[in-house]
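*Asks:* Read off the chains here:
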Amino acid sequence: MRAVVAGSEVYAYTGSRPVDAALPTVLFIHGAGNDHSVWTLQARYFAHHGFNAVAVDLPGHGKSGGAALASVEAIAGWIRDFVDVVSIDKAALVGHSLGSLAALECAARHPERVSQLALLGPAAPMTVSETLLDAAQRNDHVACELITGWSYSPGKQIGGSQVPGLWLTGNALRLLERTKPGVLHADLVACNQYSAAEASAAKIRCPALAIVGARDLMAPSKNAQRLIAALPDAKVVTIPDCGHALMAEQPDAVLDALRAFLYSVSPAT
Amino acid sequence: MTKPKTTHFDTLSLHAGAKPDPATGARATPIYQSASFVFPDSDHAAALFNMERAGHVYSRISNPTCAVLEERIAALEGGVGAIATASGQAALHLAIVSLLGAGNHIVASRALYGGSHNLLDYTLPRFGVATTFVDPRDIDAWRSAIRPETRLLFGETLGNPGLEVLDIPRVAELAHEHGLPLLVDATFTTPYLLQPFAHGADLVFHSATKFLSGHGVVIGGLLVDSGQFDWDGGKARGKFPTLTEPYAGFHDMVFAEESTTAGFLLRARREGVRDFGACMAPFTAFQILQGIETLPLRMARHVDNARRIVAFLAAHPMVDAVGYPELPGHPDHALAASLLPKGCGAVFSFNLKGTRAQGRKFVEALKLFSHLANVGDAKSLVIHPASTTHFRMSPADLANAGITEGMIRLSIGLENHDDLIEDLSRALHAAGKA
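Residue numbers (this note's numbering), protein chains in the order written: chain D, 15 to 283; chain H, 13 to 446.
By construction, these hints were calculated from the structure, which means they are not laboratory data.
Certain hints may be false.
[Said to hold, decoys possible] In silico DSSO-like cross-links for lysine-lysine, where the CA-CA straight-line distance does not exceed 27 Å:
(1) Lys31/H x Lys15/H
(2) Lys247/H x Lys194/D
(3) Lys379/H x Lys236/D
[Claimed, not checked] Which residues of chain H face chain D? A partial, calculated answer using Cβ under 8 Å:
(4) Asn62
(5) Met63
(6) Ser74
(7) Glu82
(8) Gln240
(9) Pro253
(10) Thr256
(11) Pro258
(12) Gly261
Note that beta-carbon positions come from the ideal geometry of N, C-alpha and C, so glycine has one too.
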């Protein structure tokens, strides 16, 4: 799917299916330096099982044009603009890492547009180390290496992909390397500066789900506890032996958690 | 300062892709000798078929033992993933048919393995894919051979049998200027000596029969994707519809959208291996894995032995033109020093002075060197290319490929170097008296 939002062309993956206004929609929002492709296994499932699945490339990322947005609040506003443009009245928001914060903020600001909220690898604050910020600001390859090193659990650093023949950390590194200059730094600054998570969580009125990796070094699960506690109606799924790259490390466990959550409101067809 | 975590090559050679078997605790990678895999339920089965879940369905498409090998070679090459194939030839074929169709064109080095030359020069034209062969050292020849319908540039890291060193950075740059990927056959070097992706290559394949396995008991190939090529960007846009347009054979999947980095591998597995069927057997994958575990140790020994034998032959009165790029007189000496600082492998050729009869006598007099059509075995090997591996080529093509009637190709094994030199010395003496 392609659309124009705020004057820039936007790409969104839909699992090779057209968006059907009669179906409920689940909107996937990727994290820093990533794009829609981190979601394709899960998104493809929902696209073929009763939902419109829409996995966006945020501005400046992947196949989308425009500049990277400077704050979580700006990304939340962009999500609202996007669903307006593509005529999605209401969507379940599923966000990963930076995308989880943007989904949270969007749901807090625009509750009428959000049916359910799933936060993968959230943290509040989502503090980013000075070393990583500095490297990203220089567009230094070290930034990609640091993120890759911190995003996978120790077991998966050595492989064992559920997708046959895929070298997970190499794949993650290549995706980060494709990020346009300045985009990764903008994303990390947005993570680092966002301070409204607990206040926004308290405003959420829709069902919420948090999926955390027990071995997450990038956004340690203990840093998500206050955010999760502030959500009025939240379930938590902790995936053992899993790091921050949840969808790549444990695609089936993530899918199963999302299925149980999303079908609890929108029945399977 | 915080530094990125790095797992070194030697460690990856032993561990990448593998973990103790969760069912039994077996430390070695099990041989999953099963054609198919049970579905937990109908929904799971449908999701596996439609690529909504990851996993194994049928061993022609993927197999757990083969998957460990695929991850391992991808890790060692610095790629995003790989596909294990029935042979190196199958890997080359898979790369080509995943990208090209009738009407498309390849520019290839003319210094290729004879089997690759056969596929490109004699077989693929029947399917509408033409190839122009160029001197791999002549960058202008590469450039001028590119046509609007060209879709692939292809060469070997070390040419066969003359050891022409492919200038990967320059050829890759040229390819990318035209929106084309560079495919490299890295069989002779293995990732221990050279990682083509780090120099700009986009796809790599191996005959895993050779140094990767090392034992010479299996036939297998590996096709590795760097994940670096943008199939839908810049001058590549519109050139690769197999990756960028909906594929009716898989629910209109657009592979380059399904995976930003590994769309090529998706197509190659979901169409290429599925339909052409040249998959690797799990027992073969297991044996190649055993070989790769010791790849760094073996390659260091191969190169050390090769250097000693090159020095011996270069000084022998019955030998001229030892073709090893580390020798100062080799045309690619400087390039080899840059791309191959750990060595130029263990396969090289030399010219024996004298008649064809003396050449035959030399080969027949060798005791440790086995006369056969293979390279990269743990045991030392010898062959006469003009009458065997390249026998289909015309005299003019042989000359273009740098092959002379007196050329002898050696593949240096892991034996004691003094024993190998003694064997060569005795055979040279016998040839001299013939």
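*Asks:* Quick check on Ser74/H please, does its C-beta sit within 8 Å of some C-beta on chain D?
*Replies:* This interface hint holds because 4 Å falls under the 8 Å limit.
*Asks:* Holds or violated: Lys379/H with Lys236/D, Cα cutoff 27 Å?
*Replies:* Not OK: Lys379/H and Lys236/D at ~68 Å, beyond 27 Å, violated.
*Asks:* A closest beta-carbon separation below 8 Å is what the hint needs, so does Asn62/H meet it against chain D?
*Replies:* 6 Å, holds
*Asks:* For the hint on Met63/H, does the least C-beta distance to chain D fall short of 8 Å?
*Replies:* 6 Å, holds
*Asks:* If you take the shortest Cβ to Cβ gap from Thr256/H to chain D, is it below 8 Å?
*Replies:* It is violated, given that the least Cβ distance between Thr256/H and chain D is near 11 Å, above 8 Å.
*Asks:* Tell me if Gln240/H is really an interface residue toward chain D, meaning its C-beta lies closer than 8 Å to one of theirs.
*Replies:* 6 Å, holds
*Asks:* Minimum Cβ distance from Pro258/H to chain D below 8 Å?
*Replies:* 7 Å, holds
*Asks:* Can you verify the interface hint for Gly261/H: is its Cβ closer than 8 Å to any Cβ in chain D?
*Replies:* With Cβ-Cβ at 12 Å, over 8 Å, it is violated.
*Asks:* Is the hint on Glu82/H kept, meaning its closest Cβ partner in chain D is under 8 Å away?
*Replies:* 4 Å, holds
*Asks:* May I ask you to test the interface hint for Pro253/H with respect to chain D, counting a Cβ-Cβ separation under 8 Å as satisfied?
*Replies:* Pro253/H check fails; min Cβ-Cβ to chain D is 15 Å, beyond 8 Å.
*Asks:* For a C-alpha distance cap of 27 Å, please report whether Lys247/H and Lys194/D respect it.
*Replies:* 18 Å, holds
*Asks:* Does Lys15/H sit within 27 Å of Lys31/H, going by the straight-line distance between their CA atoms?
*Replies:* OK: Lys31/H and Lys15/H at ~26 Å, within 27 Å.
When the structure is compared with the earlier hints, violations turn up for hints 3, 9, 10 and 12 and for no others.
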